[in-house]
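**Q** Residues per chain, in single letters:
Number of protein chains: 2
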Amino acid sequence: MITQQEYESAVTRTLQSLDSAGIVTTPQERARLEVADFGLGELEQTGLQILTYVNTDRCCAKELVMFPGQTCPEHWHPTINGTPGKEETFRCRSGAVYLYVSGEPTASAACRPPAGSETAYTAWHEIILRPGDQYTLSPDTPHWFQAGPEGAIVSEFSTRSTDEADQFRDPRIKRLPEIG
Amino acid sequence: MITQQEYESAVTRTLQSLDSAGIVTTPQERARLEVADFGLGELEQTGLQILTYVNTDRCCAKELVMFPGQTCPEHWHPTINGTPGKEETFRCRSGAVYLYVSGEPTASAACRPPAGSETAYTAWHEIILRPGDQYTLSPDTPHWFQAGPEGAIVSEFSTRSTDEADQFRDPRIKRLPEIG
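Chains as they are written, first to last, in this note's numbering: chain G, 1 to 180; chain L, 1001 to 1180.
Hints are computed from structural coordinates only; laboratory data are not their basis. Fair warning: there could be bad hints in the mix.
Partial list, computed: chain L residues near chain G (C-beta under 10 Å) [stated by the list, open to error]:
id, residue
1, Ala1021
2, Ile1023
3, Tyr1053
Source: prediction; values computed, not measured. Every residue, glycine too, gets a C-beta built ideally from N, C-alpha and C.
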């Protein structure tokens, strides 16, 4: 859970970041920004700010705004009853993002998991995305990502988002935000 | 058909436009920019510059760059043998774009079709998109669009692009570019 004050502070920082990158939003969009702390109550370390442009039955586009060093925790988008899970492409717009996916572990990975959550991070194949770089993730692929020291803006192009279907490695995580 | 020189000039202008909007691209992307004149040989009037970020079996994302007053001619994305046609969301990033879709005609529409092609334009329900505005088009919906006097950059989020399946109102049109 995050407080109303934490939510508002995160929104202000997110809007500043979008503004600096020249990404124009509408008042309606600014009023529905999502601030996800994944239920861990440590937004600076583990969290994500999300502006969903569109999410239809068939496709979805978002901007993901990350504070410096912030981590989106390890998860995957499962195939359910033969329906393929979410496929997503991450495209870095500003800053840098370190993406970790399942597969051959990278020696000397640049990032560490948030302190106290180490056991919930198992994917160590590192992909570094700087502005203009992108990477497409297949369904069912465990992945997590962390912003560099300047934060990051990442465009996500994907099939339909069904956040409630996401599977997280950390059993403490609640994906849907609670503000109180 | 457009000449190599026209192609290169259009690419230069497109890259300047993306750069002005703060949209970062890679050298590989800049080398594969698409300049579509739709076979009409009047790129300034009828044409579109396209950077496709990703186009998988399931979803697609592009930047559409338009010169001042340039028109993307009327077309639709047909449902074929029960497979739904392409669904697309246009989001204006800079400049302005006038989108015309089938439906109730708008009185005093702001745009006119390119001279000599009037009969190939039948959709007159006007939607004006300025930076931050977006519109989602269902499959099978006839539509065309024209940039305002400053040109436009439009992000397109969609299901898979299959340009060869597009149906154009103007029988002279060839969608796939020819450079000679």
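**Q** Are the hints correct? Go through all of them and say.
**A** Here's how the hints hold up against the structure:
For L:Ala1021, the suggested interface contact is upheld, since its CB lies about 6 Å from the closest CB of chain G, less than 10 Å. Annotation: L:Ile1023 was flagged as interfacial toward chain G, and the flag holds, the nearest CB pair being 8 Å apart, inside 10 Å. Proximity of L:Tyr1053 to chain G holds as hinted, the smallest CB-CB distance being about 6 Å (cut-off 10 Å).
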